[in-house]
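Number of protein chains: 6
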Amino acid sequence: MFTHQKPLQFTARPDAPDPAFARRFQEVLGGKWGEMTVAMQYLYQGWNCRLPGKYKDMLMSIGTEELSHVEMITTMIDQLLDKAPPMAPDDTTGSTQASEFGQQNPQQTIVNGGGAYPHDSNGVPWSGAFVTASGNLMADFHLNVTAEMQGRLQVARLFHMTDDQGVKDLIRFLVTRDHMHQMQWLSAIEELKADGLDGVPTPEAFPLEEEFDEFSHTFIQASDGEAATEGSWASGPAPDGRGDFRSALIEAHGQIPELAPGDPRLYGTQELQETKGLIDKAKDALS
Amino acid sequence: MFTHQKPLQFTARPDAPDPAFARRFQEVLGGKWGEMTVAMQYLYQGWNCRLPGKYKDMLMSIGTEELSHVEMITTMIDQLLDKAPPMAPDDTTGSTQASEFGQQNPQQTIVNGGGAYPHDSNGVPWSGAFVTASGNLMADFHLNVTAEMQGRLQVARLFHMTDDQGVKDLIRFLVTRDHMHQMQWLSAIEELKADGLDGVPTPEAFPLEEEFDEFSHTFIQASDGEAATEGSWASGPAPDGRGDFRSALIEAHGQIPELAPGDPRLYGTQELQETKGLIDKAKDALS
Amino acid sequence: MFTHQKPLQFTARPDAPDPAFARRFQEVLGGKWGEMTVAMQYLYQGWNCRLPGKYKDMLMSIGTEELSHVEMITTMIDQLLDKAPPMAPDDTTGSTQASEFGQQNPQQTIVNGGGAYPHDSNGVPWSGAFVTASGNLMADFHLNVTAEMQGRLQVARLFHMTDDQGVKDLIRFLVTRDHMHQMQWLSAIEELKADGLDGVPTPEAFPLEEEFDEFSHTFIQASDGEAATEGSWASGPAPDGRGDFRSALIEAHGQIPELAPGDPRLYGTQELQETKGLIDKAKDALS
Amino acid sequence: MFTHQKPLQFTARPDAPDPAFARRFQEVLGGKWGEMTVAMQYLYQGWNCRLPGKYKDMLMSIGTEELSHVEMITTMIDQLLDKAPPMAPDDTTGSTQASEFGQQNPQQTIVNGGGAYPHDSNGVPWSGAFVTASGNLMADFHLNVTAEMQGRLQVARLFHMTDDQGVKDLIRFLVTRDHMHQMQWLSAIEELKADGLDGVPTPEAFPLEEEFDEFSHTFIQASDGEAATEGSWASGPAPDGRGDFRSALIEAHGQIPELAPGDPRLYGTQELQETKGLIDKAKDALS
Amino acid sequence: MFTHQKPLQFTARPDAPDPAFARRFQEVLGGKWGEMTVAMQYLYQGWNCRLPGKYKDMLMSIGTEELSHVEMITTMIDQLLDKAPPMAPDDTTGSTQASEFGQQNPQQTIVNGGGAYPHDSNGVPWSGAFVTASGNLMADFHLNVTAEMQGRLQVARLFHMTDDQGVKDLIRFLVTRDHMHQMQWLSAIEELKADGLDGVPTPEAFPLEEEFDEFSHTFIQASDGEAATEGSWASGPAPDGRGDFRSALIEAHGQIPELAPGDPRLYGTQELQETKGLIDKAKDALS
Amino acid sequence: MFTHQKPLQFTARPDAPDPAFARRFQEVLGGKWGEMTVAMQYLYQGWNCRLPGKYKDMLMSIGTEELSHVEMITTMIDQLLDKAPPMAPDDTTGSTQASEFGQQNPQQTIVNGGGAYPHDSNGVPWSGAFVTASGNLMADFHLNVTAEMQGRLQVARLFHMTDDQGVKDLIRFLVTRDHMHQMQWLSAIEELKADGLDGVPTPEAFPLEEEFDEFSHTFIQASDGEAATEGSWASGPAPDGRGDFRSALIEAHGQIPELAPGDPRLYGTQELQETKGLIDKAKDALS
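Residue numbers (UniProt numbering), protein chains in the order written: chain A, 1 to 287; chain B, 1 to 287; chain C, 1 to 287; chain D, 1 to 287; chain E, 1 to 287; chain F, 1 to 287.
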């Protein structure tokens, strides 16, 4: 169960409106790697977690914190949209204003009346498909690491796209929390291993005897870029402790696919003889 | 530049058709974590990679290999769709057939004429949004680890959803390659660090002095699940080597948000006095 | 800022698993009119609200409550998915089990490992486009009324699709809250009027003198269904208190559209003479 | 059955081309609340209406009229796109032209050759998910009210985003029809009540004795914004005539959710002991 | 401008309800190649057509006719949904009913109350992206041919998926109109050529001297399937009358791509030396 | 099985960066008619083709070639994004730079770090729904013709939107290949006919005796544009060789649709008497 209090987790107050940045900041709100995604992803992982205890509790805490980030960014965008110009500026204005008018997202004014929404920086709606909660924490925590890395990367880039100190302060807070959260997931991964809950390859419980050993440690070269085999993934010990990497040119081990003729009632293109025979039969069957 | 040869990378031949499994197998073809995603993701990461050499070459190799996986699964689904029943079976048939008819994806016959397509197991189209190629290999390689984990998890689950030995053989091949590829990305992450190209927090080049130290190592409790603080992410040394984790209850450090009245020409709801004054002004401006 | 506590707002515990209902219940979680939508819609309306006070505070309260509903339904679906059969049942089982296998959503097991996700009952992802926060409370509160009506309608229908008393109890709670919330929005609409903040037509501040009186109270018959003019919308006093409804057959008041030839560099199909002349000019321009 | 005649319902002729406004006008054509939505929504509501007579006939009339609005806006956008500049203007041009170039939607020229399409002002395609036709007219007519309010709000905003008298004239027509249509749906709602077809709460036929009285009239405070309880939704008579509103702090009435361990063949993370035991059993079962 | 009359263009009355077919029939209503698509596609092509006369008039006629098809299929689906079972049948019922329950689309009852909607047979919403109106009639009429072919193919397949004579009669009508419409577009393509409005390659007005002759008639073998060169596309006269087809193995004519280092403020992975230097500069620039 | 080599099929090197064109060029990469679509469409058609030999082999060759086009355009966009300005230019810069800043796609920098992605020119993700592989080559090859026409049209338009000779050279290559590929599909269509595999109407194997002759050759006028009947599709011999075209005004041949009352448990709006009776029964049934 959730409760809300009115003060924000951190200050969200720009020095001045900026309609172009209001568009861009949507990316870390409603983009694939934005705060909507991490909030919902951690909460669904928490709700679906079948293991009671520290992992489940931690997921609920961080998911709830991310909701507060959604709130701060939304509030910031709302203020950046104050005084967004309704029309193209006249020719007496300068290039900066012209640039910013061009970069504007028209939905922020026409649809939202000067407000943020759960869409990305191009106005594409946030999608529930951005959320993964697989039930396997090892797989999901690796996703969470990259989510915090992609997120920190994006806010770090945005840091250089504005001179507004108020905006930069909120970005600095977000960069810091993404730093913390990267470490949190990396620690949790180590703890999952230490607790014996899973390992590499994930899921570790799948019986390895079902694998084809020939392919389990081989880097397959399907491109002619030769430097690829200089990497540690092409020779030397593999992280599962079960042998060494090797490399090989890609080879075909399978059949040349030939498909059986389809049901003539599907009217696919197939061998003339067969088709005719089958269609006749089908016609008979129809009558 | 790409070339193609007709034999498959591995055998893809079911013992018998199975329309219900033909629907389910779409998940690892055109789902968020399916082969379409990893093929395209690795290729775009390779194409966009601004660092020539082993990483870029490796990305092109594995991306190209994944295209061959797309081909195998497509070929398998095509064969599983042979003899898909056009109509509900009559009452003389058994429960297995009734179950399978119910689970069928009608587009595989009506739209594709008994064929696979780049959609997931519920028929939702594959989306270009599933691909991330951020230009930062550290962030992206962590995504690639989880992609292989989610992928291996899904095929491991599918392994228990069929008794068909032909299908199981292809799944065993896929499970094995996902094992290899998990290790490949884990090794590549270590190599990025060893090469000094990036680290934790990612991106490492963003100046840490811009962060707020108060928040960089603190696990924030926003939920009352107390076990969360038992984890290694709440106390003890943090993976960045820059201090210890601590934990604290979530606190509000920001303002209670109050937004300025909007432009009256946007007709948002606002304070009566202001609204009236502004609307009068706007009306004057209009006339 | 948000906080979370572990007990649920209301009990969510089914008597028994039911994979078919687990699919169906997704509709009121991640469908267009599900709890994800109302939670996010009310929160965004609250955050974007430029009028401090009772409306903004109320929006934050109800939006936060709806998050707790998301949590309860997710928890219920997770339990309905216990023991979902991985394979089609054999022929010794009965029709009920065959029916339920057919109705299953394969992603709930293959992707989520037996868990809920922000998608609808057909597995289509929830979309940020479902959220409207226009900045105009009168317009949005009418949307909120229908959201609660559509929501109550759907849970009322679901009530008849299960015999599970545990599930029915949660549905009864949801039906009740949707009852309350319908009344809440209806009251808030009256209060907006009483406070003079807006009225009919919405937005009331748009100058009526800009309208064409000829069309402001006329029901236009564009179909030959004559009963349409028997309604109160075709004669008698109109709700804006500015006159009576009337009705008229649809008439064309505009031009027959004729478009100017396009830029020949866009290669659209146009008049032969013009095209040739323009293309020659374009070719000249190119050289 | 439909027929078409060439003259438009109202004049759609701009004074001059304007590529930036051509992008923005797409919102009320192919956006969530645009004419495509209302046309299709009213028609599907009409087609699906199981009650013959005035409501069904009225739905068919207004749905058909909205198709004529789709046509007018499309025609207007086509003309606004005449002479859209293919390339960025040179440095001798002024800020207005630079602003407009920036605001352009590139698909209107590259894809459509200078034409409109069923997409919103950011180029996101119109979605069939925007249409709701629930079979319950009371719920749907409330949606229709807000559709006309959101629509009128958007064209009212667009009115201030152009100086073109031809465009403004069409907008004035649209504003007027949205005024009429708001009143039409409000009247129809009253008529549904008068005819005894439904009421509040909707659907009224759902047996109220299934509700939990404790929650049917209580405004639940989940946020600390105290002004929320000043509203008429927190005390005083409720619109259903069945009692008074009251308010209460949110409370947890449900269990702390604990999920059963999942099927080990789904490889979710769960209790160590259980997992091992179950995996051993699963392995036995596999062999 | 459009008008509507109540009788349908053709009878749409099933012999009996059939919830499984009600799901499947959605494909030709709201699927990519369904009636929604052709109705909207032809209308947008007509509206955007800059050439007055027979082509534009014809587009408006057929687009309007297709609206009447949308209406018939919607009406049919509504009737197929009468008596859709709310719950899984008990074990005393037979396999047919179990099959049909499994195949049901739950949204048709839960969301639509027993009605059709603009979604495909898997419940994925119809998309405005399905519509193409490029402004070039030659390109678009070829799309229209395939739209009628894909449409006829789908209804021909559906013909074999039901025994209901009422449904089959409507399908027979649709098959017939798709037959007519295929011929209509093929004739119109010939007429465009005869009128000199465009030709092959389309657009014919693009100056051929800008092409690279080496590649304009060469079938490039990028796969080792040798039979490909037996086709008429690999030797013999080409349809543009400008030479003979030839074939050649694919060859690389371009550079090995090497990208310049990116802006260090984007934190992409790049050469160590460069990165460090650039980051130092960036840090200097920041301070 | 696929392999890759590092040199590009054709040179992809711009003379200079151009962030506005980098956005626009996305259309032919990840738009509906871009290279992602044709690559995937031809490959899926090839994989699903049940007829071994020249058609299947040809599909694999051209599909593979299109992958190389995806690679070239991606590489070009990457280079066009070098030096994309992070912030709006200051007022000392000129209109060209201001225009280009406005036209920029913010995701190309914020998300991709200066790279291309499988999205269109407005940033909407590529969709698997763009791919059609129906199993019927006649239907699909007509789609392939229009795909090459739409593609050539778009690159021809883009040719006039840049002055960069490097970009123009790649466009010239693409225009040329689209020329070739149009002819390839047109030849293949003729060859399908010559091989007797299908014809007009497609699918030819569907028994014509099931059609209604009255409607198979009639152009139906549903709009009052009289010029429509001047076309060859309204009189004279039809392409199927089975008679002459004729034309007729649209007529209603079907019933006025009246739907049966729905299941009262779906709470749809219906006749008062019926509703009440049915609801009473339902209530009885509930108790």
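It is worth saying that the hints were derived from the structure and are not from the lab. Treat each hint with caution, since some may be false.
A pair holds if it fits inside one copy or across any two, identical chains being indistinguishable in the list.
[Said to hold, decoys possible] In silico EDC-like pairs for lysine to aspartate or glutamate, Cα to Cα no more than 16 Å straight-line:
hint: 1; residue 1: K168; residue 2: E226
hint: 2; residue 1: K6; residue 2: E251
hint: 3; residue 1: K6; residue 2: E258
hint: 4; residue 1: K83; residue 2: E190
hint: 5; residue 1: K168; residue 2: E271
hint: 6; residue 1: K6; residue 2: E211
Because the structure is a prediction, the values reported are computed rather than measured.
Results of checking the hints against the structure:
Taking the shortest Cα distances, K168 and E226 never come within 16 Å of each other, neither inside one copy (43 Å) nor across copies (32 Å). Taking the closest pair of Cα atoms, K6 and E251 come within 16 Å of each other only across two copies (12 Å); inside a single copy the shortest separation is 62 Å, beyond that limit. For the identical chains of this complex, K6 and E258 are inter-copy neighbours only, at 10 Å across copies versus 65 Å inside a copy, given an alpha-carbon limit of 16 Å. In this assembly of identical chains, the alpha carbons of K83 and E190 never lie at most 16 Å apart, being 49 Å within a copy and 30 Å across copies at closest.
Taking identical chains as interchangeable, the C-alpha atoms of K168 and E271 are never at most 16 Å apart, the minima being 67 Å within one chain and 28 Å between chains. Taking CA atoms no more than 16 Å apart as the test, K6 paired with E211 passes in neither setting, with 55 Å inside one copy and 25 Å between copies.
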